[in-house]
Amino acid sequence: MRSCCGLTIDASHDQSYLIACNHFQSFGREALADALTIIVDIGKTLSKVSLWSADGRMLDRKAQPNAPIVVDGLRRLDLPGITAFVEECLASHAGLLVEAIIPVSHGAAIVALDGDRLTFPPLDYEQALPEDVLADYRQQRGDFAETGSPALPDGLNFGAQLHWLERLHPEIMARATLMPLAQYWAWHLTGMAASEVSSLGCHSDLWSPSAASFSALAVRRGWDRRFAPLAHAGAVVGTLKAEIAARTGLPETVQVHAGLHDSNAALMAARGFPAIAGQEATLLSTGTWFIAMRLPATPVDCAALPEARDCLVNVDPDGHPVPSARFMGGREIERIIEDAAHQIDIKADQAALLAAVPNLLDQGIILLPTLTPGCGPFPEGEARWIGTPADWTEKRAVAGLYAALVADASLDLIGAKDRLLIEGRFAQADIFVRALASLRPGTEVYTAHAETDVAFGALRLRYPALQAAGDLDRVAPLEGPLDAYRAQWRTHIGGGTG
0 MRSCCGLTID ASHDQSYLIA CNHFQSFGRE ALADALTIIV DIGKTLSKVS
50 LWSADGRMLD RKAQPNAPIV VDGLRRLDLP GITAFVEECL ASHAGLLVEA
100 IIPVSHGAAI VALDGDRLTF PPLDYEQALP EDVLADYRQQ RGDFAETGSP
150 ALPDGLNFGA QLHWLERLHP EIMARATLMP LAQYWAWHLT GMAASEVSSL
200 GCHSDLWSPS AASFSALAVR RGWDRRFAPL AHAGAVVGTL KAEIAARTGL
250 PETVQVHAGL HDSNAALMAA RGFPAIAGQE ATLLSTGTWF IAMRLPATPV
300 DCAALPEARD CLVNVDPDGH PVPSARFMGG REIERIIEDA AHQIDIKADQ
350 AALLAAVPNL LDQGIILLPT LTPGCGPFPE GEARWIGTPA DWTEKRAVAG
400 LYAALVADAS LDLIGAKDRL LIEGRFAQAD IFVRALASLR PGTEVYTAHA
450 ETDVAFGALR LRYPALQAAG DLDRVAPLEG PLDAYRAQWR THIGGGTG
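For the sequence shown, numbering that gives the first Met the number 0 assigns the number 497 to the last residue and increments by one with no breaks.
Be a bit skeptical, because a hint or two may be false.
Computed beta-carbon distance windows for the label pairs [claimed, not checked]: (1) Ala351 x Arg166: 51 to 57 Å; (2) Trp384 x Leu45: 28 to 34 Å; (3) Leu229 x Val299: 22 to 28 Å; (4) Ile68 x Arg246: 20 to 26 Å; (5) Val299 x Ala486: 23 to 29 Å; (6) Asp338 x Ala211: 27 to 33 Å; (7) Leu45 x Asp472: 20 to 26 Å.
These are computed hints drawn from the structure, not numbers from a lab.
We put the CB at the ideal spot given by N, CA and C, even for glycine.
Turn these sequences into a full structure, and let the hints steer you where they fit.
So, in structure tokens, the structure goes:
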């Protein structure tokens with residue numbers, strides 16, 4: 000037995016990689032007499048299935064790492080493997096009063112259906128496109144002022160994926176029904192096809208946030224007519240198919256909602272805090288991607304965001320534009336550390352990591368961006384070390400400082416101010432959150448409990464008045480000359496301004 004999120008991990012499961020965090024003993028069987036909701040959250044790194052009560056308590060959580068598969072020589076999402084995991088988790092709740100399922104997924108994932116079947120596994124957005132295909136596509140895509148989508152590498156603009164798939168499979172794509180990944184899971188469970196704006200508006204090139212409609216590119220290519228009909232993220236698209244009910248033991252009456260993009264679900268969770276809702280605030284969602292999403296107190300000109308520095312305009316479930324910036328923080332931290340067993344968010348290691356900071360600041364040991372070329376606020380930067388960490392602990396501590404410095408630059412690009420809520424996995428990394436609080440002294444920096452994350456935000460689709468349990472935790476700034484460290488870092492990058 001090990002621990003995860005303060006809960007119990009059962010490592011004896013048949014699939015050794017399955018993480019099972021069970022709250023049943025904490026809440027007792029009486030909690031299971033409520034109307035229950037299952038959140039299916041398919042992220043880039045992890046697939047998660049959690050069980051929630053109507054009053055916002057997480058009763059159970061299971062997670063499994065994702066890995067791409069290769070089909071026809073192309074990197075694709077492992078829908079068969081994820082499907083088996085999801086249905087196994089659903090079956091574990093057979094006999095409970097489950098009333099609803101809400102799917103959530105990462106962005107830049109597009110699914111094509113041919114009638115009532117999946118045509119082929121969807122592309123992984125990290126699959127490189129042929130240079131001539133990408134160049135041809137780039138000549139056709141709309142400008143940033145219209146779509147809020149920057150030009151991104153590989154298949155991160157899923158319009159680029161569609162462009163390539165039409166070359167690879169012209170006959171199938173001509174008749175295919177298209178939908179984002181979150182809505183695919185709704186279709187898998189119900190047989191009802193839908194699309195949704197927070198998923199379509201995620202740097203796809205296919206949506207115009209200001210016009211609240213498909214982009215000129217999508218209309219010109221006929222893709223707008225290929226997508227399944229639009230539904231609100233909270234809309235019920237159908238109930239469980241008989242065969243799914245039979246396999247899982249859940250009743251056919253379970254309602255399945257259209258679902259939404261995961262970062263937008265995190266934004267909905269943040270809005271569950273009175274200190275955030277209706278206020279000038281920014282959410283920094285941390286995982287494979289670090290995504291900053293600003294909730295401005297007054298409207299801002301999203302078209303003025305610096306497209307070339309991985310700024311973008313997300314679209315919330317109600318269709319409102321959300322000025323955003325991002326970088327692949329979790330992936331970069333993994334590349335710095337090169338050892339998944341020694342991450343920067345391990346609770347027992349926090350004191351040692353913080354103790355390493357003074358020497359790093361004194362010695363000016365710095366890592367320059369970028370470890371994921373083409374992404375983040377320094378997309379053309381070449382990663383290199385200034386100085387050498389003395390040991391493994393210092394190397395991990397530098398990773399936390401690096402993430403804080405890049406996040407600080409991204410937040411500046413979208414004009415983030417007043418309040419910052421950090422959620423997700425790396426909110427548990429003291430060196431990261433405290434360094435960021437030091438770098439932004441005019442901002443109140445907060446973290447929240449793990450139960451107020453993506454899944455909680457999705458739950459608020461069913462219960463919009465639901466407020467997050469507990470208070471936000473104000474982050475104490477990290478001591479030391481962080482301003483001088485940042486100035487040195489930015490000078491090495493070039494220009495001195497970051």
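Here's how the hints hold up against the structure:
no.	hint	verdict
1	Ala351 x Arg166: 51 to 57 Å	holds (52 Å)
2	Trp384 x Leu45: 28 to 34 Å	holds (30 Å)
3	Leu229 x Val299: 22 to 28 Å	holds (26 Å)
4	Ile68 x Arg246: 20 to 26 Å	holds (22 Å)
5	Val299 x Ala486: 23 to 29 Å	holds (27 Å)
6	Asp338 x Ala211: 27 to 33 Å	violated (46 Å)
7	Leu45 x Asp472: 20 to 26 Å	holds (24 Å)
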